[in-house]
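K.L.:
These are the residues of each chain, in order.
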Amino acid sequence: MRIPFSYPMALLAALITLTPVFILITLASDATSVFDSHNLKILGNTLSLMGLTVVGSILVGVPLAFISAYVQLPFKRLWLVIFAAPLAIPSYIGAFTLYAAFGPGGEINNLLGFSTPAMYGLPGAAIVMTLYTFPFVMMTTRSSLLSLDASMVNAARTLGMSMRQCVFKVILPRVINGIAAGSLLVALYTLSDFGTPAMMRLDTFTRVIYVEYNAFALGRAAMLSLQLMVIVGFLLLIESQIKTATERHGRPLNLFANKWQLTAIFSVFAPVLFLAIGLPLAIFFVWLYRDGFSAFDFTIAWNSAYASAIAAIVAVIVAIPVANAALSGKTGKVFERVTYFGFGIPGIVMGTALVYGGLQLPFLYQTLGLLIIAYMLRFLPLAVGSIRTSTEHLDPSLVKSARVLGASPREAFTRITLPLTMRGIIAGAALVFLESMRELEATLLLGPTGFETLSTYLWRVYEAGYFGRAAIPGLLLVLISACGLAIMMSGEKRNQIDH
Amino acid sequence: MLSVSQLSIDYGKTRVVNDLNISLEKSEILMLVGPTGCGKSTILQALAGLIPISEGEIKLGKWSATPKQLVPPEKRSVGMVFQDFALFPHLTVVQNICFRLKESSIADHWIKLLGLEEFRDKKPATLSGGQKQRVALARTLAHQPDFVLLDEPLSNLDAALKDMLRWDIRNALKQAGVPAIWVTHDQEEALSIGDRVGILKSGQIQQIDTPERCFSVPSNRFVARFLGEASFIEGKLKEGIATTRIGNAPAHGIDCDESIVDVLLRPDDIQLIQNTQTANGRVIWVRFEGGSRLCAVQLQCNTVVTSRVSHEVVVNIGDEVFVSINTTHPLAVYSK
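In the order they appear, the protein sequences are chains A and B.
The first sequence begins at 1 in our numbering and counts up one residue at a time.
The second sequence begins at 1001 in our numbering and counts up one residue at a time.
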């Protein structure tokens, strides 16, 4: 059998993806204590934050999914965008602004005069994480709900079941996998998030890894990273077991709410959405008004942009053979799965591993190259996924047809394959670019000395307490994330049309 | 002239096409027909050079391809029309048709002939199935191929469209004056369109001949059944006459000379008479076909024969009827 030409490149990419894990294992074997009471506390904090966030996102996400899927609202599409909008705000920005807004001496106290309880510790972190992760549950549940055939509910109603009973006995049991898939995403996101627990001063794995790293205890940082990876690995294992529903698609249910019901829905969820989106933006604008534009150094934005642009280009170059290999055969699929590993590795863990790797390879240490490798490893799956989807939709008879019309393989590639997959390639590059722009933790660890990006600048501002200076980088980051979200959602929409 | 000799194709260890011999005259249309999985599409792919061949030779004037000597598709001057149209979605109709053309006058000719003027600048996604297939055909013929391969061109289309488009394609091919191999699984399409018909079964040609001969003198029972309603009745063949319990007729043996044989009867070979004292069978099912009615009659010996009557004749299940052979042309008979 002939080996597809993309395999060697894909294998190389897969091996590179695995290097952080190898580095961590060698590092951790040097560390002395494996597990102590301090670790237990960190584990407790991490799991509590994860558990509370999952519960919170289910409580907010599932009802919103139900509403956006079934209830006929005016401006339906707009509501969906608003429900998903918290994804356009990096959670560390939410944590930053909510931390600054609440509590005695917070911005709310300053502006409006009354004092609010502080956002702090486990409750604060859980609230922030819930606000910015519930859209994951909302989206997966919504797509499960939309795939259900309304006739099942109609049958239950004609058999004498009330709508409320239907929700619990007919609808929810069939979307449980969708809810579970979303919850797992929330759990993974919470486990790997660094900014929120760090700003809320909650000692989770990610925060303590950063603390240990700053104390030059790389061995302990690696040990903790490995422990975190075990939990992540466990969750990924569960995820691989979840099967999404394969029900026959039908016409989804349509519900019409009366005025009273609409008011009730609005009064429950408006505060949540206000906290998640309205408040951070309002705080930034207050700061912008107070401090003006002058303090911001635009080289920081430029730094972010060009590091991310290089990462995007590199990621696409690596992703094309990986996506191609994934479509060429079973072994190629394995390579592709391996590259997805980088997505599961928390940024702080990736940073720790690459810092150590860089120390062994002096020509890489403290260079932009190492940071770009980190971005590439973390966000490669976004590029692979996007390119693979666009290639999958390519009908093989198109290339055949170009060949029989007299085009050489090269001409068929440049005139047919390339233009038709270009959208996927550009979308993949854009996603990597935008994700790299908002990346915080690996950038903190790997950025060369004096190399400040939007996200690290925001972090320094937080540490130094000059909150007002966060306004411009914060708003830029929100704008950038919003673009990323728009690309992902339009990709989802396109796929719906294709099928 | 296209000639294919002793062509065999393997997928891994399984032989999917075995010892195929075809030769096509200028502007001749050969219909390849057979059940799903008989290898008919594989043959087209091999002729186009899209898959490798294991044995044999494909020859067309300037080039000749063997297992050792691969000729890439773009060097074969072949035209291919695909079941799923394979129009380039990012190009307009006219850009599709002119894909590799330097000047567009020949494209205009086919656009006009196939009635595509109003769609010139549309993208394929906005066209109906029938229009898409016309564009695909125009694209193929505008590139002036030396031979054309059509891979079930009508199978993704509505029944109503099929009939008209089938004749439009045939006329266009005849006007272009190129030999064509047209693959289908629809025996009616095969019989009506083809200059010759080739029937395939598990990668092996069963018979290749004019539609008339394939239908009335099938080389075996598989071909007989595949090309249309067929019943077999036991009889005796002697000196060119077959004698059966429902009558005699001239006959000639396909694979036997003289003995106890099975006689092939098409519905039109059998006459059905109702309201008679001398019934010899009972109607077990009736299918209304619009202009006619197809009736199955079980004889006393349990053999079932089918007969076609006018739609004006009302036949009911359970009716006692008299059937008899009523034909002038010789019937095909097969050994028991």
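Read the hints as simulated data drawn from the structure, not as lab findings.
A couple of the hints might just be wrong.
Here are the simulated SDA-like pairs of lysine to any residue, each with C-alpha atoms no more than 25 Å apart in a straight line [as the list claims (entries may be wrong)]:
hint, chain 1, residue 1, chain 2, residue 2
1, B, K1075, A, F413
2, B, K1122, A, K169
3, B, K1336, B, G1318
4, B, K1102, A, G56
5, A, K169, A, G56
6, B, K1068, B, S1023
7, B, K1102, A, L418
8, B, K1236, B, S1216
9, B, K1068, A, A407
10, B, K1122, A, R415
K.L.:
Next, verify each hint and record whether it holds.
P.N.:
Checked hints:
Using a Cα cut-off of 25 Å, the hinted pair B/K1075 and A/F413 holds, with the two alpha carbons roughly 17 Å apart. Restraint check for B/K1122 and A/K169: not satisfied, since their Cα atoms lie roughly 49 Å apart, outside the 25 Å limit. Taking the CA atoms of B/K1336 and B/G1318, the gap is about 30 Å. The hint is violated against a cut of 25 Å. A hinted pair counts as satisfied when its Cα atoms are at most 25 Å apart, and B/K1102 with A/G56 does not qualify at roughly 64 Å.
For the given pair, A/K169 sits about 22 Å from A/G56 by alpha-carbon distance, which is consistent with the 25 Å threshold. Restraint check for B/K1068 and B/S1023: the C-alpha separation of about 21 Å stays at or below 25 Å, so the hint holds. With a C-alpha separation of about 22 Å, the suggested pairing of B/K1102 with A/L418 holds against the 25 Å cut-off. Of the pairs offered as hints, the one joining B/K1236 and B/S1216 holds, with about 19 Å between alpha carbons and a cut-off of 25 Å not exceeded.
Taking the CA atoms of B/K1068 and A/A407, the gap is near 22 Å; set against the 25 Å cutoff, the hint holds. Restraint check: the Cα-Cα separation between B/K1122 and A/R415 comes to about 19 Å, which is no more than 25 Å; the hinted pair holds.
In summary, the numbered hints that this structure violates are 2, 3 and 4.
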